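A.B. asks: Each protein sequence line maps, in turn, to chains A and B. Just so you know, we're using the working numbering here: the first sequence kicks off at 4 and counts up by one. Just so you know, we're using the working numbering here: the second sequence kicks off at 1433 and counts up by one.
In short, the hints are calculated from the structure, not lab data. All figures in this text were calculated on a predicted structure; none of them were measured in a lab. Virtual Cβ for every residue (Gly too), placed ideally from N, Cα, C. It cannot be assumed that every hint is accurate.
Claimed, not checked - Label pairs and their in silico Cβ distance ranges:
| # | chain 1 | residue 1 | chain 2 | residue 2 | range |
| --- | --- | --- | --- | --- | --- |
| 1 | A | Pro-203 | B | Phe-1454 | 50 to 60 angstroms |
| 2 | A | His-323 | B | Ile-1456 | 35 to 45 angstroms |
| 3 | A | Leu-101 | B | Leu-1440 | 39 to 49 angstroms |
What the hints assert, rightly or not - Computed footprint of chain B on chain A, listed as stretches where at least three residues anywhere in the stretch have a Cβ under 8 angstroms from a Cβ of chain B:
| # | segment |
| --- | --- |
| 4 | 79-85 |
| 5 | 88-95 |
| 6 | 213-220 |
| 7 | 264-277 |
| 8 | 285-291 |
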Amino acid sequence: MSRPDWIVLALTLLGMIAYGLYKGRASKDLEGYFLSNRSVPWYMVLLGIMGTQASAVTFLSAPGQAYTDGMRFVQYYFGLPLAMVVLCISFVPVFHRLKVFTAYEYLEQRFDLKTRALTSFLFLVQRGLSTGISIAAPSIILSSLLGWNILWTNIFMGGLLIIYTVMGGAKAVAYTQQLQMIIIFGGMTIAGYLVIHRLPAGVGWTDILHTGGKAGKLNIITTGFRGKSFDWNDKYNLISGVIGGFFLALSYFGTDQSQVGRYLTARSLTESRIGLLLNGLVKVPMQFLILLLGVMVFTFYQYNREPIFFNQAELKALEHSKYKDSLVLVMGQYEAVDKERIGVGTGDAVTRAQRLVTIQKEKEGYKATIRRWLTETGQDSNDTNYIFLRFVTDYLPKGLVGLLIAVIFLAAWGSIAATLNSLSSCTIIDFHRRFSRRTISVEKEYLFSRLYTLFWGIFCVAVAQLAYNIGNSLIEAVNVLGSLFYGVILGIFLVAFYRKRIGGHAVFISAVIVEIGVVILTVLSRKGIVPLSFLWFNVVGAVGVVLLSEVLQLFMKKRPDPVVEKK
Amino acid sequence: MDEERAPLFKKWSYWYALVIGFLIVCIVLFYLLTKHFS
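Model the full structure from these sequences, guided by the hints.
C.D. replies: This is the structure:
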């Protein structure tokens, strides 16, 4: 990175910390620290929800995913708007009426203490670990691409934000997320503009769409059917996106405290609802545009020299393996094919696209050889996460590279800061305060809340360091981890909201049994014994808990009339 | 439960219809894009 890039990066990050500290001055009690005194307007709720969901990998991996696999990943978000509607009807009014700090507080009022503690515990485990991975993901990419030390990158990625999150709590999180989202959207828009600007004269949107289409990158809608049978192992298609995505989004936004904590800060039920519903409106188009950026970068590389493998560090390591001589040969052949693109500049957009895709298919053969060698030598053969950032560092002007790297940091910070705040709130509200035999003063509760935020910050950075060798597509690793627990947690809440006659014992036992079942299912799926994509785990977990608790309740005493539903 | 009035529309159900309707429009547009450029 050049000096201007370092200056832009440092100023952006330091400015964000200062802004968080300045704006984060709230009343020194739990209401102020975790809920910003329930005073946040709808547009900050919206940006908070979006900033919490969109981590660094969203902006790093998604364009790369479109580049390699096409835009079908957008279908993963089709269930989200439906989930927003269900949340606004069922979940949000109850949380607001009961004035809870955490979603899990409601479960004690509806069921019992053990169900609340189990659900909160599952959240702490899942969220603590997945946040560690979401710190590691961009850190690994940046350290590999820019030669940075992984430990220091992890500390900067997951550590600096602790300063304003510990000091300012939810208010600092909300204000910084607002500014972060503005910078992120600005940076991505500039990147998109520069991709088009750097295409050859006479090549524009028509070429992007035709080239992307001919290469199979505009596979936005896929059904998941192969012949007459549905492929349950297919990750992203219309059916799994709507059904699996709905269950995942309902669980994430309705039962994950990192999201519940955002809309509980709203100044009224209406402001919470508007924030969530607008998220349902903008999320799918936003994800579409991020993926379209990947198709734009793909087209750009059809007119410019495309690296045979985007992760340079892995390719360099291959130069010292048993394949070093073969590598020189393949690289030479690849370069010769790649140069053929220079002659395709004539004709209309469709003809150009057809010629370029023919060349691309030939290049794919050489790329596949490199990936096979990398796998055989035990290296990471997936360069999806490196594509967009490699384009940024190779082709964007000085200063803008720093801004785009700052975008990656800020995206990570927004998501992690909200998570640390929620992990701390669950620890103090659902465990420390609930199980403490002594009454804790307001000052001590406030102090403990800050200490727990600090603890979770350090914990997540430590997990990130441990997850250094996780490999493969990291965005999926986070989602897979979430799908292990999300379905079961959602099942508990669905029983709470919709099956009034079911009591705490039935739902608790069901949750434990189904969670074990989901873990076994995940192992079997990973080994290829059960062909089922991870999005379906959410459906299995949620439906499993509802059905099993229905059955178990038949053998148990009728539960007393619910208390919390009465006004 | 809906003691707070919906902004812009008479009822919250209109908001819900807008969100679901917009999703359907997006899916249809995406389908047409996929078909046209494949």
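A.B. asks: Look at each hint and say if it fits the structure.
C.D. replies: A quick look at each hint next to the structure:
1. A/Pro-203 - B/Phe-1454: 50 to 60 angstroms: 36 angstroms, violated
2. A/His-323 - B/Ile-1456: 35 to 45 angstroms: About 54 angstroms separates the Cβ atoms of A/His-323 and B/Ile-1456, which means 35 to 45 angstroms is violated.
3. A/Leu-101 - B/Leu-1440: 39 to 49 angstroms: Check failed, 27 angstroms falls outside 39 to 49 angstroms.
4. 79-85: Satisfied; 3 residues make the cut.
5. 88-95: holds (count 3)
6. 213-220: holds (count 5)
7. 264-277: holds (count 5)
8. 285-291: holds (count 3)
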